[in-house]
Amino acid sequence: MTESESVANAEDGTKIETTAFDPRILVFTCNWCSYAGADLAGTSRLQHPPNARLVRTMCSGRIDPVFVLEALRDGADGVIITGCHPGDCHYVKGNFRAEKRFNFLKMALKQLGVEEDRVRLAWVSAGEGEKFSLLIKDMTDKVRELGPNPFKPASVKSI
Amino acid sequence: MSELATYSKKLDAAIEAFKSERLRWMIGLSVVGAKASESERYNQIAQDVLIDEMRRQMLMVELRTKGPLTMKDLSESTGLGRKQLLDHMLALRKRGAVTEVGEKENEYIYKAL
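In the order they appear, the protein sequences are chains A and B. Residues in the first sequence are numbered consecutively from 1, following the working numbering. Residues in the second sequence are numbered consecutively from 160, following the working numbering.
Hints listed in this document are in silico derivations from the structure and should not be mistaken for laboratory results. Predicted model, so just to flag it, every value in this text is computed and none were measured. Each hint should be verified, as a subset may be incorrect.
[Claimed, not checked] In silico PhoX-like cross-links for lysine-lysine, where the CA-CA straight-line distance does not exceed 20 Å:
id : chain 1 : residue 1 : chain 2 : residue 2
1  : A       : Lys110    : B       : Lys178
2  : B       : Lys270    : B       : Lys231
3  : B       : Lys242    : B       : Lys231
4  : A       : Lys110    : B       : Lys168
5  : B       : Lys231    : B       : Lys178
6  : B       : Lys178    : A       : Lys100
7  : B       : Lys253    : B       : Lys270
8  : A       : Lys106    : B       : Lys168
9  : B       : Lys270    : B       : Lys225
10 : B       : Lys231    : B       : Lys263
11 : B       : Lys168    : B       : Lys253
12 : A       : Lys131    : A       : Lys142
13 : B       : Lys253    : B       : Lys178
14 : B       : Lys270    : B       : Lys168
15 : A       : Lys106    : B       : Lys242
Please build the complete structure, drawing on both the sequences and the hints.
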């Protein structure tokens, strides 16, 4: 997964190898709001770390807790589920359903001993490009502090 | 067993738990907006169901990966007490997920179906 190696020059000219943890974050976005928000962040040329990988779904209500757990098993260091703000769902109740499922997921993660900040639910509308950008920045910083996902398979080493 | 292997078994158990019909019913109740799902009592029951299901799936993972095992073996590998283990094994047997395939030191040997 994301332990990238960098080489720095010391004062005496020798090379020192340092290992910086570069988290891999999976972001589930809904087609109608958050994906458009992410798109707006891009078209507005807002800067955020390149650690996030987006998966577009038709609605945040489509996100099964199994998707998040499988992402963690397969090597994601953090997962964000994003959707329309409550009341704005294109399918009326999808985001409420996502929230209910997320509550169950949180209970399971607590049992597994996974840090709370590693998996997050956020509402991002189509006009909130800046919020999306800040969300990715914040999540990347938090996960970097937490360190690599303990479930990360040994075969997954770098981005 | 390495720490990573223990972690990944736990995670596999959680994935199987979320795929199970029992937990899906429980989540479904809250998702369709049943009034009872708003109560504190529901949250407590939901948490109990989730923990039970994760433990049962953990036992299933053990039986699938290590082959037929006795209660003693299962207790050692999962860290569950005899009483809890017996409850879970009875539930799994009732569900038709495990069966006895023999005896060893006065204990049944269970196998995953």
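Report task. List in ascending order the numbers of the hints, as given earlier, that are violated by the structure. Result -> Those not satisfied are hints 5, 11, 15.
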